[in-house]
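Please work from the sequences and hints to get the whole structure.
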Amino acid sequence: GAAAAGLALAGALVPAVLGGLPGMSGMAGVFGRNAPEKEGAPDRTAASGSWTARPAVGGSGMPQCAHDAGKLFCARPGVVFALSASDGRLLWRRPVGTRSTSGPPVVSGGLVQPYTDGGPRLAGLDPATGENVWQRRLPTGTTVRYAGGTALLAGPDGTVTGVDGATGATRWRRAL
Numbered sequence: 164g165a166a167a168a169g170l171a172l173a174g175a176l177v178p179a180v181l182g183g184l185p186g187m188s189g190m191a192g193v194f195g196r197n198a199p200e201k202e203g204a205p206d207r208t209a210a211s212g213s214w215t216a217r218p219a220v221g222g223s224g225m226p227q228c229a230h231d232a233g234k235l236f237c238a239r240p241g242v243v244f245a246l247s248a249s250d251g252r253l254l255w256r257r258p259v260g261t262r263s264t265s266g267p268p269v270v271s272g273g274l275v276q277p278y279t280d281g282g283p284r285l286a287g288l289d290p291a292t293g294e295n296v297w298q299r300r301l302p303t304g305t306t307v308r309y310a311g312g313t314a315l316l317a318g319p320d321g322t323v324t325g326v327d328g329a330t331g332a333t334r335w336r337r338a339l
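Residue numbering for the sequence shown follows our numbering, beginning at 164 and increasing consecutively.
There's no promise every hint is true.
Said to hold, decoys possible - Quick list of the computed label-pair ranges, beta carbon to beta carbon:
no., residue 1, residue 2, range
1, 302, 253, 27 to 35 angstroms
2, 317, 253, 30 to 38 angstroms
3, 336, 215, 38 to 46 angstroms
4, 252, 319, 17 to 25 angstroms
5, 332, 294, 29 to 37 angstroms
6, 337, 283, 16 to 24 angstroms
7, 258, 321, 29 to 37 angstroms
8, 303, 252, 31 to 39 angstroms
9, 292, 323, 30 to 38 angstroms
Honestly, the hints are just simulated from the structure, not real lab data.
Bear in mind that the values here come from a model prediction, so they are computed numbers and not experimental data.
For glycine and all other residues, C-beta sits at the position ideal for the given N, C-alpha and C.
Next up, the structure:
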């Protein structure tokens, strides 16, 4: 199936593809549409086979989500959480010590990485449990972007560092 992110902007609902099935992310929560109704799935609407998740996970603002391996990895400022893409069940939640979560988490090097700008740390979380596998402190004002399995850190001093997404180890560092 297709893997794509569901993004939410300023109170709007934005269409997404969640594991090859339509979905939305918006102010009230994350919405999905899945295969025909299965008996006993409380979060789904029987008539349409869709589900709505409004997990009490903390944080504020709209959840922004990315899909990988049948799960939605979502972030709000201060918290990252995972939902089952098939029925919207909350799989795990983890507070993160960042001031802002500026986009959906990224799966890099097989780990979930909250996407932050200017945060004090970068972490790699186990996608099955949400537990920290590694973390590293960042200088205030560091911008993080991803390419393949590498986190690219642009520091406020003009230094760019490539960090291995699986281990958190520095791959390379260049002063510009």
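Hints, verified against the model:
no. : hint                             : verdict
1   : 302 with 253: 27 to 35 angstroms : holds (33 angstroms)
2   : 317 with 253: 30 to 38 angstroms : holds (33 angstroms)
3   : 336 with 215: 38 to 46 angstroms : holds (45 angstroms)
4   : 252 with 319: 17 to 25 angstroms : violated (40 angstroms)
5   : 332 with 294: 29 to 37 angstroms : violated (19 angstroms)
6   : 337 with 283: 16 to 24 angstroms : holds (23 angstroms)
7   : 258 with 321: 29 to 37 angstroms : holds (32 angstroms)
8   : 303 with 252: 31 to 39 angstroms : holds (36 angstroms)
9   : 292 with 323: 30 to 38 angstroms : holds (31 angstroms)
Of the hints listed earlier, those the structure fails to meet are numbers 4 and 5, in rising order.
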